[in-house]
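Peer 1: For chain A, the structure is supplied; the task is to place chain B on it using the hints.
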Amino acid sequence: GAVVSQHPSRVICKSGTSVKIECRSLDFQATTMFWYRQFPKQSLMLMATSNEGSKATYEQGVEKDKFLINHASLTLSTLTVTSAHPEDSSFYICSAPTQGFIGNSPLHFGNGTRLTVT
Amino acid sequence: DQQVKQNSPSLSVQEGRISILNCDYTNSMFDYFLWYKKYPAEGPTFLISISSIKDKNEDGRFTVFLNKSAKHLSLHIVPSQPGDSAVYFCAASPGGTSYGKLTFGQGTILTVHP
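Protein chains in written order, with my numbering: chain A, 17 to 134; chain B, -2 to 111.
Excised from the complex, chain A in its bound form (with noise of 0.2 Å):
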């Protein structure tokens, strides 16, 4: 079953407004999720570290204050589309190591997040 769960699915919104994806690891504790966005027909490309306790660090290219990332519990990392415009649509999708850095644990994803934004 999914270890990482992702909300919402999909969402449409309007030019200008925000938009929050949560992510949330299940029965395990994430002291780091990671956030990608997704472009059609390219890959996955790390976003953002979401530490919790801590600020976020981000990718080169990525602004902080459009993405702002939240790590509110050791279960739960926030991402906020701030002021959304069409160029952000993409699919969002966050990561979690199930056992932290220890053994290279499997990293496991969400199901994603469809932005669209008219």
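For the record, the hints were derived by calculation from the structure and aren't laboratory data. Note that beta-carbon positions come from the ideal geometry of N, C-alpha and C, so glycine has one too. There may be inaccurate statements among the hints.
[Claimed, not checked] Computed spacing ranges between beta-carbons, pair by pair: (1) A:Pro102 - B:Pro76: 39 to 47 Å; (2) B:Arg14 - A:Val78: 25 to 33 Å; (3) A:Pro102 - B:Gln0: 44 to 52 Å; (4) A:Glu75 - B:Ser48: 41 to 49 Å; (5) A:Gly77 - B:Glu39: 24 to 32 Å; (6) A:Val78 - B:Asn54: 42 to 50 Å; (7) B:Asn54 - A:Glu79: 37 to 45 Å.
Peer 2: Positioned in the frame of chain A, the structure of chain B alone reads:
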């Protein structure tokens, strides 16, 4: 700069035969490699992984081979089944505290014909 490459965008295989998916990487700092299977509008599903200290890892029908000197890895699926049809991504990680920072290849669409 594509650090992880899957040069075959697609692969077509007959049911029961072997599927071989290939992946090349350029960054020698990668320490851990993973294969994922993905359907449209879904998150990737973990299949199998291999550490850089190994050259082979097997799990059921799936075997991953790693050739560090050539910076090449491959995923073998034997026997292939129609349900294996999906997009397959290889991913690489620097390991350590950056373990979760995966760099993905472009993906290979595998089609297994009955």
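Peer 1: If a hint holds in the structure, say so; if it doesn't, say that too.
Peer 2: Here's how the hints hold up against the structure:
1. A:Pro102 - B:Pro76: 39 to 47 Å: Holds, since proline 102 (chain A) and proline 76 (chain B) (Cβ atoms, about 45 Å apart) stay within the stated range.
2. B:Arg14 - A:Val78: 25 to 33 Å: violated (42 Å)
3. A:Pro102 - B:Gln0: 44 to 52 Å: violated (29 Å)
4. A:Glu75 - B:Ser48: 41 to 49 Å: With a Cβ separation near 24 Å, glutamate 75 (chain A) and serine 48 (chain B) fall outside 41 to 49 Å, so the hint is violated.
5. A:Gly77 - B:Glu39: 24 to 32 Å: Hint holds: Cβ distance 26 Å, inside 24 to 32 Å.
6. A:Val78 - B:Asn54: 42 to 50 Å: Hint violated: Cβ distance 32 Å, outside 42 to 50 Å.
7. B:Asn54 - A:Glu79: 37 to 45 Å: Because 38 Å falls inside the window, the suggested range holds.
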